[in-house]
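K.L.:
These are the residues of each chain, in order.
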Amino acid sequence: MSANGQPGRIITFYSYKGGTGRTMLLANVAWILASRGRRVLVVDWDLEAPGLHRYLHPFLLDKELISTEGVIDLVTEYVLEAMSPPKADAETEWFTSLSDVSRYALSLDYKFDLGGSLDLLPAGRQGSAYASRVNAFGWQDFYGRMGGGAFIDEMKSSMRSEYDYVLVDSRTGVSDTSGICTVQLPDILVVCFTLNTQSIEGAAAVAESVRAQRDVAIFPIPTRVEFAEKQKLDYAREYARQRFAPFIGHMERGERESYWGGVEVIYQPFYAYEEILASFADTPGQPTSLLASVERITSRLTDGQVAYLEPPAPEERLKVLREYIRNPDENIEEERIADLRAQLAELERRREALTAEVERARTQPRRVGAAPAPIQGELEGLAGALDGAVPAKSLDRNLLLATWNLRAFGDLAETWRAGRRDKVKRDLRALAIIAEIVSRFDVVAIQEAKGNLRALRHLVRSLGDSWSFITTDVVRGAAGNDERLAFVFDMRRVRPAGLASELAFPDYELGMGTESAFRFLARPPYALSFQTGDDTFILVALHLLWGSVSSDRLPELRSFARWMSDWATEIASGGQSLIMLGDFNIDRLGDDAFNVFTETGLHPPPELNEVPRSIFAGKPGGFYDQMAWFDSPTGTPLLTLRYTGRAGGFDFVPFVFLELDRQQLSWRVSDHLPLWCEFRVAGPNLSP
Amino acid sequence: MVSDYWFFLSYARLDAGERYVPEFCESVAAEVARQAALRSQVEEVAFRDLDNIELGDEWPEALTDALRTSRTLLCLCSTAYFQSPMCGKEFAFFRSLGTHTAAPSETQPRPAPRIIPILWDPLDRIKSQMPEAIRALQFSQSSLGEPYASKGARALLYRGRTNPDFLAFRDRLAEIIVSRGSELGPRSDPTRLQGLEHIENAFAPSPAREPGTAPSDGGGSAQTLGARTAKFAYVVASRSELVGVKDVLHGYPAEGGWAWEPFHPDDDSTLGLVAQQAALSAKAYLRELPLTDDFIAQLEEAERTNTVVVVLVDPWTLRTAVFNDHLRTFNGRLFINSVVVIVWNDRDDETARRRAELEDVTRQVFDRHFLMNSAGIKEFSGSPDELHATILNTITEIRGRLMTRGGVLQTVLPSRQSTIPVLSGPGGSNP
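Protein chains in written order, with this note's numbering: chain A, 1 to 688; chain B, 1 to 431.
Derived from the structure by calculation, the hints contain no laboratory data.
These numbers were taken from a predicted model, which means no experiment stands behind them.
For glycine and all other residues, C-beta sits at the position ideal for the given N, C-alpha and C.
Each hint should be verified, as a subset may be incorrect.
For lysine to aspartate or glutamate, the following EDC-like pairs were computed, each having C-alpha atoms within a straight-line distance of at most 16 Å [claimed, not checked]: (1) A:K63 with A:D109; (2) A:K17 with A:E201; (3) A:K63 with B:E18; (4) A:K87 with B:D124; (5) B:K127 with A:E77; (6) A:K423 with A:D411; (7) A:K63 with B:E23; (8) A:K425 with A:D411.
Calculated Cβ distances over 10 Å to all of chain A for the following chain B residues [said to hold, decoys possible]: (9) A37; (10) E43; (11) D49; (12) T69; (13) Q138; (14) V245; (15) V341; (16) T362; (17) D367; (18) K378; (19) S381.
Let the hints inform the model, and build the full structure from the sequences given.
P.N.:
Rendered as structure tokens:
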């Protein structure tokens, strides 16, 4: 059974003509799936012209497959057994073990970080007799006389029970084996075609023929798209879109546009000369690369569940690339090798530069004047505590998101020690403490920032040049409490990605009025999108205000949660993540308001359940601050970022302002503790 | 220095999974070294012939020395293994060294057997072919773990050298090797026994034929009919029968049959050896079909049971009376499972010189087949590799014909899909 207990999905890759890049696409999709922790089987069912193994040779012990059996051997075994006299001492049904693909599947010699695996079921043992074995196999008799159809069904269940995804490389044209691959095997059919009439017509006719026999989801994919002849290209695109329109008719108009724009595979001459995986040859995060095309297609095929490659570590990438290049059978131009090497050197150079920069920023004194010695000592103690409590920022590996309600974060006393007479208690010492804590994260959502931006500006300045902030305007009126929501973020690691919006809700969504009226909540949620590496995510900061008795506002809360849930689903299907963070104003775990959220699939990570939120130890409840995201109805997170399972708070009380009581401390640093979650990201953001 | 191997790895080099053997050997040897706390190199722990025999070593000598100084013998059981005469000899030689056949007595428990059979292929594939000599060991395969017992060691290795099922199996196997190897100790008396060349193949049905390299028929209990089996008839007369027919008889064995060297004088490969290797490449169980009076009845039975039959013919032999009769009867019939291959030795001057005359004879004997241009007859001339390919392709073609016209002998699965799914392209559907 696949990882989540569901039977795996079988996806067949078909093209009417050869040379469409079908096998290359399949191999790359498979690698991305495995890199994201999925168990994947690839099957080379192009028996007349097997070649899938060429993309995987660095990871195969028997590179030419002369010692390794596959599909043709598996079905031949069945036929030979069917045509032999029954054995007297047979203990089980004679065909039981014959359909077990695990006897034939080869595992690649490669360790995927997230626990995925990639197995290959080859076409069959290569060698002089291979072709005659394939030619002599009578598929018609196999089906007509020997129950071959049922045997293939048995094979299907064997594959589905062992893997999350099974990708089948089909024969081209309308041969016997292409019929099996496209009609009988798949749950999803990917139809690849180049933009010429023959290829489009053939692929569309076959897709129609499959659809007439079985209700299979069909994804048409234009491949080898070239931009040289713009007018012809536009014409061919339009023709293909019309021809395949019936297969994506279930999509909304806007989605159809984004479908066609997203799944095109652009012709990259580099890949025409060698069988090499884009996961190793391409640098992640370049939208026009082959890798980016494949990622978009993978996202389509998995309903947004897998949208990005978990890239190999640079040293691993270099090692594998050498394996690809070293193979003496590969005829790679010297120029290409030089290209690859230059690309890798560049990757290494940027990585080193970025790492050095992060390190320098961490160790150099901040721009605010140096703190007096005792405060310096206090800050060092705090830094040590943070080192132990919060995972280190690792440039191309993780992303640390935090939320912190900073009590009345507005004005600042620009002195190292605010005295009794100072009206403003938050001083430079407090700010240095806050800065030390904030510097450990990549994005911090700050609640209770006030109309006065002095402390916030000072904070960002003291964090260094690479930090920035974005904030809402102040919400006026009693309910608004002169507050704003702010995001403070480290631009070396993330950058704003376009969306910044206060969320307004139609009244009817909140169950209170007509379609035409819109309503802002008293303190509207603030959504901001960020990019890191090639992951885009939207953070929604909240400081909700539901009235004094939370049960009064439950219907409103429920509508709000549903609305957010729908939005999260939509965002996930576009390959992005939505994470909510801030003050949910929920009294405690399991209360009505909390349940309203969890019913829609919103879940905080369990690691945060026991984490205290408040510096006041005895304070009951204290479940206000939260970080959460939605799960799909099947229980998988609607995230493309991957939560690492590490989350927590940070209790600064034992390390700072030891001379003050907690009440006093709360006005200087805060009454709330920061909360954080760690995610894995797809890779280094290499834009210079 | 006398070597002291913990195990000798006996395997068939024609095995389909040959590429995985070194991997297997190294992994087990490393684990044995670890468990036995040895500071030895892998090649000091295990003997695998290709590794350990250096160029120029006397082959059987080095082999017998290694067998004499190995504590245990691991046999990688596969169809190819059972059919390899060399493996059968290694097995017999090791067995003859004693201890494992010592009769149990009241006071002394029976020592653990030194021979450990490993399922290289899954048991259900090879069970019917397993020679009595290996069955008699009664080794409990399930003690090495269920995944191994049901799939065999090679399939576990397919899943990677670090896959947990393989490692569990390997660790347990190493334990057995170490425990038996420690119990039995190093071979104390590596005395010179008879050489390997005088040992009989333990897997051959007795009595073994002369000379030593006879292609094996496997154990007596093996399955002898069915689509997995290929029967070979060697139509080659004995030297005495050929006297007066052919002047120069080099390359012809005294007894006739499989030992004929059809590439003489360039190459001393025998007809039987090439046939055996081709059968293994086709993963067929090799059997000999004797040219007895019930030849035709045997062909009929073979056809009924989808058994492949290849009749290899020396054209000179067709000029002798007795063979001529059998084959004339064959000429009168068309079997879907049987093909005659006439093997021409172009390297032989006399054959080349009298080719036209010999061709007349073949066309008389098989006139019906030649007339109909039937698929039941082929002529061959070329190298040993080409003969191998011809026989292999012949077996494949016959299997293809049987698939269309032979009987289905097992009860097949009821099928929702009794015809193959048909696709239509722009020009309509395939036929």
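K.L.:
For every hint, state whether the structure bears it out.
P.N.:
Outcome of the hint check:
Pair hint A:K63 plus A:D109 holds up; C-alpha atoms about 11 Å apart against a cutoff of 16 Å. For the hint linking A:K17 to A:E201, the alpha-carbon distance of about 10 Å falls within 16 Å, and the restraint holds. Between the alpha carbons of A:K63 and B:E18 the distance comes to roughly 13 Å, so the proposed pair stays at or under 16 Å and holds. Restraint check for A:K87 and B:D124: satisfied, since their Cα atoms lie roughly 11 Å apart, inside the 16 Å limit.
Of the supplied pair hints, the one linking B:K127 and A:E77 holds, its CA atoms being roughly 15 Å apart against a limit of 16 Å. A threshold of 16 Å between alpha carbons decides the hint, and for A:K423 with A:D411 the separation of about 10 Å falls inside it, so the pair holds. Distance restraint check for A:K63 and B:E23: the Cα-Cα separation of roughly 14 Å lies within the 16 Å cut-off, and the hinted pair is therefore satisfied. Annotation: proposed proximity of A:K425 to A:D411 holds, straight-line Cα distance about 9 Å (limit 16 Å).
For B:A37, the condition that its CB be more than 10 Å from all CB atoms of chain A holds, with the nearest at approximately 29 Å. With 10 Å as the threshold on Cβ separation, the claim that B:E43 sits away from chain A holds: the shortest Cβ distance comes to roughly 20 Å. For B:D49, the condition that its CB be more than 10 Å from all CB atoms of chain A holds, with the nearest at approximately 17 Å. For B:T69, the non-interface assignment is confirmed: its Cβ lies about 30 Å from the closest Cβ of chain A, beyond the 10 Å cut-off.
Look at B:Q138: its CB is around 16 Å from the nearest CB on chain A, clear of 10 Å, so calling it non-interface holds up. Non-interface status of B:V245 relative to chain A is upheld: no Cβ of that chain comes within 10 Å, the nearest being about 35 Å off. Every CB of chain A is more than 10 Å from the CB of B:V341 (nearest about 15 Å), matching its label as outside the interface. Remark: the non-interface label on B:T362 is consistent with the geometry, its nearest Cβ contact in chain A lying 25 Å away (cut-off 10 Å).
The beta carbon of B:D367 is kept farther than 10 Å from every beta carbon of chain A, the shortest such distance being approximately 28 Å. Against chain A, the non-interface label of B:K378 holds: every CB pair exceeds 10 Å, the least being about 14 Å. In this structure B:S381 is separated from chain A by more than 10 Å, as the shortest Cβ-Cβ distance comes to about 18 Å.
The structure fails none of the hints (numbered hints given earlier).
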